[in-house]
Amino acid sequence: MKAPLSLAAVFDRLLAAYGAQSWWPADSAFEVMIGAVLTQNTAWVNVEKALGRLRETVAFEADAIVALAPDVLAAAIRPAGYFNVKARRLQAFCAWLQAQGGIEGLAGRPTAALRTDMLAVHGVGPETADDMLLYALERPVFVVDAYTRRAFSRLGRISGDESYEEIRALFEEELPARTDLFKEYHALIVTHGKEVCRPRPRCEACCLRHDCQHGMGG
DNA sequence: TACCAGGAGAAAA
DNA sequence: TTTTCTCATGGT
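Each residue of the first sequence is one higher than the one before, counting from 11 in our numbering.
It should be emphasised that the hints constitute simulated quantities derived from the structure, not laboratory data.
Note that the structure is a prediction, hence the values are computed from the model and not measured.
Cβ coordinates follow ideal geometry from the N, Cα and C atoms, glycine included.
Don't take every hint at face value.
[To be verified] Below, simulated EDC-like cross-link-like pairs (lysine to aspartate or glutamate); rule was C-alpha separation at most 20 Å, straight line: (1) K12 with D22; (2) K204 with E137; (3) K59 with E71; (4) K204 with E148; (5) K59 with D81; (6) K204 with E194; (7) K12 with D37; (8) K59 with D37; (9) K204 with D81; (10) K204 with E71.
[Said to hold, decoys possible] Now the in silico label distances, taken between C-beta atoms and shown as ranges: (11) V95 with A13: 21 to 31 Å; (12) A79 with E176: 34 to 44 Å; (13) A79 with P35: 53 to 63 Å; (14) P35 with G91: 29 to 39 Å; (15) A26 with V95: 48 to 58 Å.
Whole structure, please, built from the sequences with the hints as guidance.
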């Protein structure tokens, strides 16, 4: 049995297979943050619909979203699913952002302390916080998601039942702490995951679940 | 029809 | 402390 690939080697293979993804698909840091909440357990195509409706409903800024009636906000983001839950989460996050003095107010704050504060906000869990830190605030934090866990479990780098923080630590310790690398790596993992790493029968011929190492191995 | 998607919080055990 | 349940639309 071959030794598991290094994380750097996996990145090289993903990049060769899919090319640069240049994420996050958003026009501003604030949009990244809103999208990070809306995409929780939700396909991105539905998030885009919700973002479009939200723009038509309210000024795309924290103050306006906080001031919006919860049911109006929920109706606007309906296509993203869990709309009542996410409306409450968006308002909690925007209120927190206001209290920080907006995105500008976050600049210069140590990443670890900022992350701890973000995790205390209702609706901001580790993946959402790390999405925001990496893609909106340019901090070298590795984002772990279901695709990461699934793919690297298949590759033998993790067992699959590690905690979020354990997997994040693995990537951050083995890779150089470069924001551009972490951005691209996570994007490639998601791209790969969407294409061939889904736990669905249609992927059987080309899926890590069945020893296919498309884009990563062989 | 059934399953899944770039999770997180609350409730139950 | 750990596990299970709930939230929900839209595409395949």
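Consistency of the hints with the structure:
no., hint, result
1, K12 with D22, "holds, 18 Å"
2, K204 with E137, "holds, 18 Å"
3, K59 with E71, "holds, 18 Å"
4, K204 with E148, "violated, 24 Å"
5, K59 with D81, "holds, 18 Å"
6, K204 with E194, "holds, 15 Å"
7, K12 with D37, "violated, 43 Å"
8, K59 with D37, "holds, 15 Å"
9, K204 with D81, "violated, 32 Å"
10, K204 with E71, "violated, 31 Å"
11, V95 with A13: 21 to 31 Å, "violated, 43 Å"
12, A79 with E176: 34 to 44 Å, "holds, 41 Å"
13, A79 with P35: 53 to 63 Å, "violated, 28 Å"
14, P35 with G91: 29 to 39 Å, "violated, 18 Å"
15, A26 with V95: 48 to 58 Å, "violated, 39 Å"
Hints 4, 7, 9, 10, 11, 13, 14, 15 from the list above are not met by this structure, while the remaining hints are.
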